[in-house]
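> These protein sequence lines are chains A and B, in that order.
Mapping of the first sequence onto my numbering: residues 7 to 637, in sequence order.
Mapping of the second sequence onto my numbering: residues 16 to 393, in sequence order.
No wet-lab data here; the hints were simulated from the structure.
Errors might be hidden in some of the hints.
[Stated by the list, open to error] Restricting the straight-line Cα-Cα distance to at most 20 angstroms, the calculated cross-link-like pairs of lysine to any residue (SDA-like) are: (1) 191/B - 165/A; (2) 352/A - 224/A; (3) 92/B - 161/A; (4) 180/A - 54/B; (5) 103/B - 127/B; (6) 139/B - 151/B; (7) 92/B - 165/A; (8) 180/A - 122/B; (9) 142/B - 465/A; (10) 157/A - 120/B; (11) 95/A - 94/B; (12) 139/B - 176/A; (13) 95/A - 54/B; (14) 180/A - 126/B.
[To be verified] Non-contacting residues of chain B with respect to chain A, defined by C-beta distances greater than 10 angstroms in every case (computed): (15) 48; (16) 50; (17) 55; (18) 150; (19) 184; (20) 200; (21) 206; (22) 219; (23) 293; (24) 294; (25) 332; (26) 344; (27) 363; (28) 369.
Backbone N, C-alpha and C fix where the C-beta goes; we use that ideal spot for every residue, glycine too.
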Amino acid sequence: MVKKHASRLYLGLIFLFLYLPIIVLIVLSFNNSRSRVNWGGFTLEWYRKCFESQSIMSAFATTLQITLLAAVISTIIGTLAAIGISAMKRKSQTFYLGATNIPLLNADIVTGISMMLLFVKFMDLGFVTVLIAHITFNIPYVILNVLPKLKQTNPYTYEAALDLGASPLYAFFKVTWPEISSGVFSGFLMAVTMSLDDFSITYFTRGAGVNTLSTMLYAELKKGVKPELYALSTILFFTVLLLLIAANLHPEKTIAVPVKDEKAAKKAHTTYLCRRVASISIVAILLLGTTGVFLSSQHTKGGVRSITVLNYGKYYDEDKLAQFTEETGILVNYEEYEDPEEMYTKYKTGAIDYDVICTSDYIIEKLVSEDELLPMDYASIPNYAGIDPDIIDISASFDPDHCYTVPYFYGTLGILYNTNLVDAADVESWDVLWNGKYANDMIMIASVRDCFTPALRTLGYSINETDPEKLDEALNILLKQSPDVSAFFESETCDEMAAENYALALCYSGEAASAMDLNENLAYSVPIEGSNFWIDSWFIPQTCQDIDAVYEFLNYTCRDDVAMANFEYVYYASPVISVDENMDEELKENESLYRAVHPTEADVANCEVYRLLDDEMTELYNDLWARLKAN
Amino acid sequence: MKKAHFNGLKRKTNEKGSYKKMKKNLIEFIDISKSYNGSLVLDEFNLYVRENEFVTLLGPSGCGKTTTLRLLGGFEKPDSGKILFDSKDITNLPANERKLNTVFQKYSLFPHMTIAENIAFGLKISKKSKAYIDDKIKYALKLVNLEGFENRSVDSLSGGQQQRIAIARAIVNEPKVLLLDEPLGALDLKLRQNMQYELMRLKEELGITFVYVTHDQEEALTMSDTIVVMNQGYIQQIGTPEDIYNEPKNAFVADFIGHSNILDGIMIEDRLVEILGVKMPCVDEGFGQNCPVDVVIRPEDVKLVEPGEGQMEGDITSIIFKGVHYEYDVMANGYEWLVHTTKYVPVNTHVGINVTPFNIQIMHKPESSDEEVVEIDE
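Let the hints inform the model, and build the full structure from the sequences given.
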């Protein structure tokens with residue numbers, strides 16, 4: 007009895023362990039709160055938002071197109087390959103089967119990178135390259151499903167058909183096909199599942215503007231978890247689950263039923279029919295869904311001008327992008343990234359030809375030093391006249407001759423705090439991070455330079471300090487602080503602070519503004535010791551194909567109404583003067599919020615811009631970071 | 016018998032002369048060679064089959080008999096040589112265009128079709144009318160004694176029934192030749208014997224040519240008009256069942272067809288052979304003097320007599336009751352003789368052995384190693 011209970015408990019634990027993460031995800035997708043720890047009641051809001059989001063729906067359409075096209079083509083190729091392999095002698099069979107299975111065993115990321123390197127040589131990355139990649143990695147799955155069926159078939163039946171006068175094709179469809187069709191079908195479903203699931207290979211082989219659900223999820227999750235993504239993940243999970251069930255439901259061929267047992271035979275036949283109908287209808291629904299989405303999302307047409315834009319995630323109002331296309335007829339392939347180093351690497355591999363890119367100051371400094379940029383003709387951007395000259399001056403730190411960049415947003419690094427929990431006087435100095443007053447109630451940013459900035463400024467050093475001894479001092483401060491830190495977050499700060507889960511957080515001004523917008527108990531401060539001041543700017547890489555279209559885009563972006571819309575979307579400080587002038591009076595009156603969306607002159611004067619670190623210093627910083635994290 | 020004759024037998028079919036002239040040749044294999052993975056399966060193989068003949072290709076596994084049938088069916092292509100059918104070259108004709116049908120070794124019915132659909136398969140391809148097809152299905156099922164099986168599923172049939180349906184499926188197409196590749200191999204003994212009679216009856220009723228492949232010598236002797244004994248890609252002997260049984264051309268055939276005593280002997284002179292140190296009279300001539308030979312004596316031709324009355328003496332070492340006769344092992348002059356007789360003699364009895372001259376079969380020794388008798392592995 008005890009044994010029975012113990013084994014049940016054990017089984018229960020295993021299932022819990024396997025499925026708990028997914029259950030958490032599913033529960034969160036119905037949680038009426040942006041926080042991951044608080045339950046705010048049941049809602050379907052995230053599902054509604056998920057279906058309303060242009061980017062999710064277009065990624066969904068791309069995913070279905072790629073998945074189904076890849077599955078159909080790989081099923082055809084894979085089935086033919088399986089037939090070929092099964093007809094080989096055993097030795098060559100082993101060889102070819104092994105050869106086709108290598109992609110299965112190969113790490114996805116290796117397959118992805120090698121495919122990207124190959125494709126870049128011959129064509130632009132885009133829909134087609136992802137499709138080819140998916141077909142390639144699907145084929146082994148199809149072969150693995152079809153081959154055992156072929157081995158089960160009696161080779162004499164095919165020969166018998168030929169013998170009775172059937173042409174090879176007729177014999178295949180009349181005799182071989184009925185015996186292997188269930189294998190082909192489950193191979194197809196496997197291919198669909200694999201395609202739907204794949205991230206690594208898609209990530210490396212996709213081009214600008216091509217996003218499947220998995221790559222979009224990845225990009226979105228990096229910029230902060232939007233609850234609609236929980237909803238999307240839940241939908242994705244159930245789709246795959248449904249497909250797998252369908253693949254397994256698909257019947258083996260009619261079981262041998264002794265004829266005398268007519269009832270059993272009938273019953274078996276009925277269940278067989280039911281299963282067949284079930285699995286076919288699932289596929290039919292998927293197919294219909296795709297065609298529908300495909301038809302409604304046909305966009306790219308030949309002969310139209312287009313530009314490829316690369317920008318940080320959540321950094322441009324999508325409606326305004328659509329409006330740009332409406333006004334100018336120029337299509338925008340809009341690509342997003344999260345990590346500037348990652349963007350740099352991707353740009354450097356030359357995988358995608360971008361026309362215009364927005365990124366951070368120190369990355370631009372690096373690209374300028376590498377002579378990667380095209381000089382701007384500011385005369386072609388009339389609205390450039392509306393940019394704050396002070397910001398242009400500060401840009402000189404990374405664009406000395408000021409000929410390569412157009413500022414887009416700027417801001418500071420400071421402290422976001424909950425006014426109910428934190429004394430406003432405390433956050434006037436970085437000391438609040440080190441003095442232990444808010445121990446275990448504060449969060450830091452998971453980035454080495456952002457963590458070192460307060461420490462270095464507390465010590466009175468530059469945030470671009472390169473003296474190892476001074477950096478060691480800063481590290482000691484951070485090491486002393488680290489037991490007090492609740493968490494190092496990448497992008498969750500806004501939601502967690504809005505949910506009032508922590509008292510204060512090291513935070514960027516724009517993120518702080520977003521959080522304040524969600525919760526009026528929050529406020530923002532830039533400590534008097536000074537901090538980081540940053541500017542994100544547009545630049546034109548050498549890969550640009552249509553520079554006039556880019557000028558139109560930049561002119562549009564600098565236009566008062568567009569800049570205003572983007573400001574309201576992003577909540578960082580805009581260098582377009584009119585944005586500040588036209589800002590909501592109410593917002594301006596909220597001093598703390600206004601400080602976050604428009605740094606005061608004092609703040610600007612008190613702050614420094616990040617400078618490019620050379621390789622040696624980068625390594626040193628990484629080393630310091632590792633030591634801090636190891637603590 | 017001459018030495019040269021053995022060459023001819025194996026390399027070229029000089030044997031044609033020994034056929035009785037009956038009807039015209041329907042199938043001719045001319046100098047066919049075929050190898051798999053570098054090992055030769057058929058070497059300059061020559062054979063012809065006449066109309067309405069029941070020809071059996073008999074031999075141990077790996078002798079090339081199935082390959083011969085597959086070449087004829089169009090499932091394999093020879094490396095060299097050609098195949099004539101009705102005097103037309105069909106060597107490169109695909110299987111589906113040949114006017115012959117095959118019944119395969121393993122069950123080859125289409126599992127997802129009913130019995131009627133299986134039988135109708137070939138007729139539908141040749142676009143026969145529905146009425147014609149229905150008629151044919153009825154007729155064929157009657158022929159194989161499975162009336163009323165039209166709507167049964169393949170899985171519900173026994174092995175013997177499946178093979179009979181396979182035959183029905185083949186014959187409804189009215190082929191000129193029916194090829195059968197060990198069709199009864201998977202059946203049990205009783206069923207196999209019944210099917211043998213059925214096949215013979217079918218052949219009579221249909222009046223078509225049968226080319227039958229088997230390794231079962233009893234089956235071959237029962238059904239065939241002509242038996243072709245094959246080994247290692249060569250034809251060893253062609254003849255009627257009686258010829259093959261009573262006058263095996265060499266030790267291989269003798270050993271393969273039935274059980275025999277095969278001994279080394281020396282032909283002292285015409286009509287006198289020395290076996291196991293005993294000179295015995297025989298009826299063969301023309302081997303010259305002191306020529307080493309193979310001697311075949313059928314077990315039923317060995318007579319057990321009182322000690323002192325026989326040509327040699329020995330002891331009975333074992334006895335098995337076989338129904339019609341007893342099977343004895345007799346140890347005499349260092350050789351264990353196989354003896355079949357209806358007379359009962361207890362074990363350990365000392366007996367004499369006698370063989371009449373007519374029953375001693377003298378054969379030349381094979382010339383080279385590849386013609387040597389191989390162990391038969393059934």
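> Tell me, in ascending order, the numbers of any earlier hints that this structure violates.
Of the numbered hints given earlier, those the structure breaks are 4, 5, 9, 19, listed in rising order.
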